[in-house]
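Student: One letter stands for each residue in the lines below.
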Amino acid sequence: MSEPDILHFLTAGSVDDGKSTLIGRLLYDADALYDDHVAALRRTAATGNAEMDFSLITDGLRAEREQGITIDVAYRYFSTSRRRFIIADAPGHEQYTRNMATAASHADLALLLIDAEQGVSTQSKRHAFICALLGIPRFVVAINKMDLVGYSEERFREIETEYRDFAVRLGLANLQFIPVCAVSGENVVRRGTNMAWYDGAPLLSFLEEVYVAGDRNLVDFRLAVQRVIHLPGTFRGFGGRVSSGVLRCGDEVMVLPSGFRSRVASIAVGMKQANTAAAGESITVSLADDIDVGRGDLLVHPGNVPRERRELEAMLVWTGDEPLVPGGIYQLKHATRWLKARCDTISYRVDPNTLSRETVTALSLNDIGRARFTLFTPVLADEYRRSRELGSFIVVSISGNDTLGAATIVDRTDYDAELKTERAVPDRSNIVWHQGQVTKTDRSAVMGHRPATLWMTGLSGAGKSTVAFALERSLIDSGHPCFVLDGDNVRHGLNRDLGFSPKDRAENIRRVAEVARLMNEAGLIVITSFISPFRDDREMARQIIGSDRFIEVYLSTRIEECERRDVKGFYKKARAGELQGFTGVSAPYEPPDSPVVLLDTELLSIEESITVLQRHLEQYYEA
Amino acid sequence: MSERLSIGLLDELEAESIQIIREVAAEGERPVMMYSIGKDSSVMLHIARKAFYPAPIPFPLLHVDTEFKFPEMIAFRDRMAREIGFDLRVYSNLQAVDEGANPREMGTVRCCGLLKTRALLDSLKLGGYDLVIGGARREEERSRAKERVFSFRDSHGQWDPRRQRPEFWQLYNTRLHPGESMRVFPLSNWTELDVWRYIAREGIEVVPLYFAAEREVVERNDQLIPVGEGTPLLPGERSERRLCRFRTLGCYPCTGAVASSAATLEEIIAELEQARLSERTTRVIDHDQDGSMERKKREGYF
Chain Y
1 MSEPDILHFL TAGSVDDGKS TLIGRLLYDA DALYDDHVAA LRRTAATGNA
51 EMDFSLITDG LRAEREQGIT IDVAYRYFST SRRRFIIADA PGHEQYTRNM
101 ATAASHADLA LLLIDAEQGV STQSKRHAFI CALLGIPRFV VAINKMDLVG
151 YSEERFREIE TEYRDFAVRL GLANLQFIPV CAVSGENVVR RGTNMAWYDG
201 APLLSFLEEV YVAGDRNLVD FRLAVQRVIH LPGTFRGFGG RVSSGVLRCG
251 DEVMVLPSGF RSRVASIAVG MKQANTAAAG ESITVSLADD IDVGRGDLLV
301 HPGNVPRERR ELEAMLVWTG DEPLVPGGIY QLKHATRWLK ARCDTISYRV
351 DPNTLSRETV TALSLNDIGR ARFTLFTPVL ADEYRRSREL GSFIVVSISG
401 NDTLGAATIV DRTDYDAELK TERAVPDRSN IVWHQGQVTK TDRSAVMGHR
451 PATLWMTGLS GAGKSTVAFA LERSLIDSGH PCFVLDGDNV RHGLNRDLGF
501 SPKDRAENIR RVAEVARLMN EAGLIVITSF ISPFRDDREM ARQIIGSDRF
551 IEVYLSTRIE ECERRDVKGF YKKARAGELQ GFTGVSAPYE PPDSPVVLLD
601 TELLSIEESI TVLQRHLEQY YEA
Chain S
1 MSERLSIGLL DELEAESIQI IREVAAEGER PVMMYSIGKD SSVMLHIARK
51 AFYPAPIPFP LLHVDTEFKF PEMIAFRDRM AREIGFDLRV YSNLQAVDEG
101 ANPREMGTVR CCGLLKTRAL LDSLKLGGYD LVIGGARREE ERSRAKERVF
151 SFRDSHGQWD PRRQRPEFWQ LYNTRLHPGE SMRVFPLSNW TELDVWRYIA
201 REGIEVVPLY FAAEREVVER NDQLIPVGEG TPLLPGERSE RRLCRFRTLG
251 CYPCTGAVAS SAATLEEIIA ELEQARLSER TTRVIDHDQD GSMERKKREG
301 YF
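Residue numbers (this note's numbering), protein chains in the order written: chain Y, 1 to 623; chain S, 1 to 302.
Simulated from the structure, these hints should not be mistaken for lab results. Mixed in with the good hints, there may be bad ones.
[Claimed, not checked] Subject to a maximum C-alpha distance of 20 Å in a straight line, what follows is the list of computed DMTMM-like cross-link-like pairs (lysine to aspartate or glutamate):
id, chain 1, residue 1, chain 2, residue 2
1, S, LYS69, S, GLU229
2, S, LYS125, S, ASP87
3, Y, LYS272, S, GLU12
4, Y, LYS125, Y, ASP108
5, Y, LYS272, S, GLU202
6, Y, LYS503, Y, ASP402
7, Y, LYS503, Y, ASP536
8, Y, LYS272, S, ASP11
9, Y, LYS272, S, GLU205
[Stated by the list, open to error] Across the chosen pairs, the derived CB separations fall in these ranges:
id, chain 1, residue 1, chain 2, residue 2, range
10, S, GLY85, Y, PRO378, 39 to 45 Å
11, S, GLU180, Y, ASP566, 17 to 23 Å
12, S, THR264, Y, GLU158, 54 to 60 Å
13, Y, GLY135, S, LEU88, 39 to 45 Å
14, Y, GLY569, S, GLU29, 46 to 52 Å
15, Y, ALA39, S, PRO54, 36 to 42 Å
16, S, GLY127, Y, ASP566, 38 to 44 Å
17, Y, TYR211, S, LEU88, 44 to 50 Å
All C-beta atoms in this analysis are idealised placements derived from N, C-alpha and C, irrespective of residue type, glycine included.
Only chain Y is shown next, with the shape it has when bound in the complex:
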């Protein structure tokens, strides 16, 4: 028989749903309570009440027993021959959302309770939302008090359907519904005789058998160094826990952020050497080369690296008395690093009961919402759905040191996908694509060049427009039809309905990219001049225009120089706080990872810049 594994599960629901009774019943029938604990229950049970009060097992604090509520998470441990179970019994009340989120961040599975008589409550929806937010991949919904609805299958199916409809909106697919009666124990550990129509497993059997090993990410190797283990003159290794993936002796590894590479010389768990280490293991790694590695660094495989991010876009559960406000500075802990960050914007708050989004100016205690931070130093992070360890961070108060929030990182591309669904997309089923008679080659022959889009990106004042218009002049003079799409100009017409929020910036770029594509189709060379600060937006533009025609030109002029120039006086206004969301000052700029052309107009004159671009275009025509 293989060694048992651990299933961490969270229970959510209110005392009224019979949650404590269910847990007590589960432990009692699974023979997981000690006699003295049972005796203590009998002793503390209200006089004259022969029934044991199972809530006394889980409600461990005096205040909880006095008030008959659960305030904080209680952990319970029990084992069967198949598994160790760690139950995190979470409070259901809205006031203790933070404690529930604490439990959810450690769980493999959520056990949610619904009272068969009461049906799906707003509270049970909120619980599902928090659990989904923290990425719990599977849910068991125990529909309790079936005795009170005459063990009706119809009632069970009715609740199941309603809950499934709601869960689909949260993206939850892995749901199991079990009808139970905690008071009598039916379908908790043993089957009973009252619900012959239910042919699934009782709760405990289901928990014993549910497959969770597949949750481990064994693909993307990540290890955040916790501590350098150093024995002078003898040994230098790096201690940390493998958060995902597999590491083998001899593997080539890369240290981030430095980018240094080496090979794995040894892997050890304590005093024992190993050939491999997999997700979940705490190991000590030594490398073949003597390179600089410290706490906070990340070990990865060179072909599979997380993204370096200067901004973090995240869903947050706010747990602090101090609110989250745009402009506020916070300390974050991500993996094994502490860093400082500024909150740029709060996109919205979600009403967990209805899932509707609200615009807010702050997130307060127990709020859930989406926000963006600009980091004072970049981090290497994954999306939360890819890695719980590298896709999460906590927000901590600088002055008070309290844990203010838990955050799960989401990619902006999701946000764009949301935008698309939000802008009611019309029915396209009757829209067809007409094929013309003129081919690309025909057009190139007439124009004398291969059309392309030179996508200029950079800070305000970096010289984008100046270079763009000068290049246009020079191309026209040499007989190449071309056109400049300028940020300021399109906002007078095509895009005059758009502002400067991330959402509007994304739409601005989408429209410009579509226009550029049409112009390229028509055979023109297009030069765009937009700050286009977000990598994901530029990626979208590349996809619309086509990678073969998209030439990314990064004007890398330093912000100090741009600010010194301040042609339009915007920096001054932004610094004075008169201009909100100004790139480089109060909004982030994400530089391209690998631009095709890099121009620093502090070092190059306009003529030199044009020469560089023309030379590049000539190579492109010939390619």
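With chain Y's structure known, arrange chain S on it following the hints.
Tutor: Leaving out everything else, chain S in the frame of chain Y:
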């Protein structure tokens, strides 16, 4: 050789404990590990060695000695410190000891308050320790079941169960103001049976008192209390030799033995697999008052 990529129960518990202990070493200004000589401390010590091997444990181990510990425990402690080579600090509330503090005359509540809680708080203050590792497990007692892994204490060492810092993922918030501290529990998720199975698997040495032997005891309030110089018989009591062992080790006047014939690790594990009583039933102090552990913890006890 096939690769073993799955990770079993004890491996997972060990990996989590190592991660916690390393985090303490990395983020604490003056970390310390409490060493009470019991089985949980022995497991913690073993895991701490693994966490930093081949380098030595980078923080001291602190034993709060009530002067009521079994002589076998003290001998074991000193031998371990010598053989393993860790930095052992011992602290006692000497004033209370000199004034004759003892559980018989002042009651267990006051005695524990002086010799354990007071001594602990004084020694932590004296050392200026900020992150203090302890061997408590959540399974032991219901207020412990509520406690965080990194558990915040105010400048008086007190625990406020209603204002615990939320603890997400393994992102432990160790940020403190001067004078504040944290108690850190790397064995939070271990059970008593896990501890013994791990001791057996890893070959960890423990105090011989855990193994069954004939011992001179007196039956008092359903407990087998060892009789010796510090625990004289009360009027009307008679001692007897019984085959018994200690399931937990504390101060000899307040630690009961259990009737048992388990003389090896295998036998102890087999006994526990059948156990019907929790381990803390042999600690006299926990029964004193309803919620006594929570109250002691609020005051600064582990």
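Student: Could you tell me which of the numbered hints above are not met by this structure, giving the numbers in increasing order?
Tutor: The structure conflicts with hints 6, 11, 15 and 16, although it agrees with all the remaining ones.
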